[in-house]
Amino acid sequence: MSAQVILKMGNPRLAKPSSPLVNFEQQGLDYPNLANLLKDMEDSMHEHCGVGIAAPQIGCNMRVIMYGFETNPRYPNEGPVPFTILINPVIEACSKETDDAWEGCLSVPGLRGLVPRPNWIKYKAFDPYGNSIEGMAQGFHARIIQHECDHLDGVLFPQRIKNLKFFGYEDELNISLI
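The working numbering numbers the first residue of the sequence shown as 552 and each following residue consecutively.
No lab work stands behind these hints, which were simulated from the structure alone. Don't take every hint at face value.
[What the hints assert, rightly or not] Keeping only pairs whose Cα atoms sit at most 16 angstroms apart, straight-line, the calculated EDC-like set for lysine to aspartate or glutamate is: (1) LYS675 / GLU685; (2) LYS567 / ASP704; (3) LYS713 / ASP651; (4) LYS716 / GLU648; (5) LYS673 / GLU685; (6) LYS713 / GLU643; (7) LYS675 / GLU576; (8) LYS675 / GLU643; (9) LYS673 / GLU648; (10) LYS673 / GLU629; (11) LYS590 / ASP678.
[What the hints assert, rightly or not] Cβ pair distances, simulated, as ranges: (12) ALA554 / GLU721: 18 to 26 angstroms; (13) LYS590 / ASN714: 24 to 32 angstroms; (14) ARG564 / ALA644: 23 to 31 angstroms; (15) THR649 / ASN587: 20 to 28 angstroms; (16) GLY661 / ALA554: 27 to 35 angstroms; (17) PRO583 / PRO667: 12 to 20 angstroms; (18) ALA644 / ASP678: 20 to 28 angstroms.
Just so it is clear, the structure is predicted and the values come from calculations on it, not from any experiment. For every residue, glycine included, the Cβ atom is placed at its ideal position computed from N, Cα and C.
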């Protein structure tokens with residue numbers, strides 16, 4: 552397996568909600584094509600310097616995300632986030648308060664936007680072995696999970712931007728001054 556081409560904004564497959572993996576908990580890694588998908592996702596995320604990736608970004612209509620990094624050149628001020636795979640994830644905001652932060656996306660190359668999201672979330676999902684997992688995340692970690700789960704629902708970050716004044720090309724925005 553290897554890094555795949557990342558689908559870009561405008562590709563109709565990115566706008567389509569993903570299908571859950573049915574009866575996944577009984578099959579785990581034996582689920583058809585899952586091991587290959589996970590390897591392709593991981594290779595693609597690293598090849599393209601992503602902090603996370605969702606299966607639809609490489610053309611697979613399955614509810615699978617992965618994320619994690621020690622350091623990342625695209626987000627140099629963010630601390631490490633543990634490598635995690637979530638299958639059939641469900642997320643819930645833990646408060647009504649939101650924080651605005653700059654986001655980018657492998658499927659929206661070169662662009663950044665200021666996106667409001669809940670700072671604390673809880674999530675439930677399965678790990679690759681079919682075990683039920685749940686947890687809480689805050690800050691950038693929570694933002695990554697929400698961003699990747701949006702992909703599973705056919706939503707890209709520009710659709711979440713409240714003011715298009717805060718959306719543009721990375722090399723034109725002086726994010727540190729805004």
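For each hint, the structure was consulted:
For the suggested pair LYS675 and GLU685, the alpha carbons sit about 4 angstroms apart, so the restraint of at most 16 angstroms is met. As the CA atoms of LYS567 and ASP704 are separated by approximately 7 angstroms, the hinted pair is consistent with the 16 angstroms bound. Distance hint between LYS713 and ASP651 is fulfilled; the C-alpha atoms sit about 10 angstroms from each other, no more than 16 angstroms. Restraint check for LYS716 and GLU648: the C-alpha separation of about 22 angstroms exceeds 16 angstroms, so the hint is violated.
Using a Cα cut-off of 16 angstroms, the hinted pair LYS673 and GLU685 holds, with the two alpha carbons roughly 7 angstroms apart. At roughly 21 angstroms between alpha-carbon atoms, LYS713 and GLU643 are farther apart than 16 angstroms, so this suggested pair is violated. Note on LYS675 and GLU576: the hinted pairing holds, with a Cα-Cα distance of about 13 angstroms set against a maximum of 16 angstroms. With a CA separation close to 9 angstroms, the supplied pair LYS675 and GLU643 stays within the 16 angstroms bound.
With a CA separation close to 14 angstroms, the supplied pair LYS673 and GLU648 stays within the 16 angstroms bound. For a cut-off of 16 angstroms, the pair hint linking LYS673 to GLU629 is broken: about 20 angstroms separates their Cα positions. Pair hint LYS590 plus ASP678 holds up; C-alpha atoms about 14 angstroms apart against a cutoff of 16 angstroms. The supplied range of 18 to 26 angstroms is met by ALA554 and GLU721, whose beta-carbon atoms lie about 22 angstroms from each other.
Here the CB-CB span from LYS590 to ASN714 is close to 39 angstroms, at odds with the stated 24 to 32 angstroms. In this structure the hint that ARG564 and ALA644 lie 23 to 31 angstroms apart at CB holds, the actual value being about 27 angstroms. In this structure the hint that THR649 and ASN587 lie 20 to 28 angstroms apart at CB is violated, the actual value being about 37 angstroms. Between GLY661 and ALA554, the C-beta spacing of about 19 angstroms breaks the proposed range 27 to 35 angstroms.
Between PRO583 and PRO667 the Cβ separation comes to about 38 angstroms, which falls outside the hinted range of 12 to 20 angstroms. At roughly 23 angstroms, the beta carbons of ALA644 and ASP678 sit within the given window of 20 to 28 angstroms.
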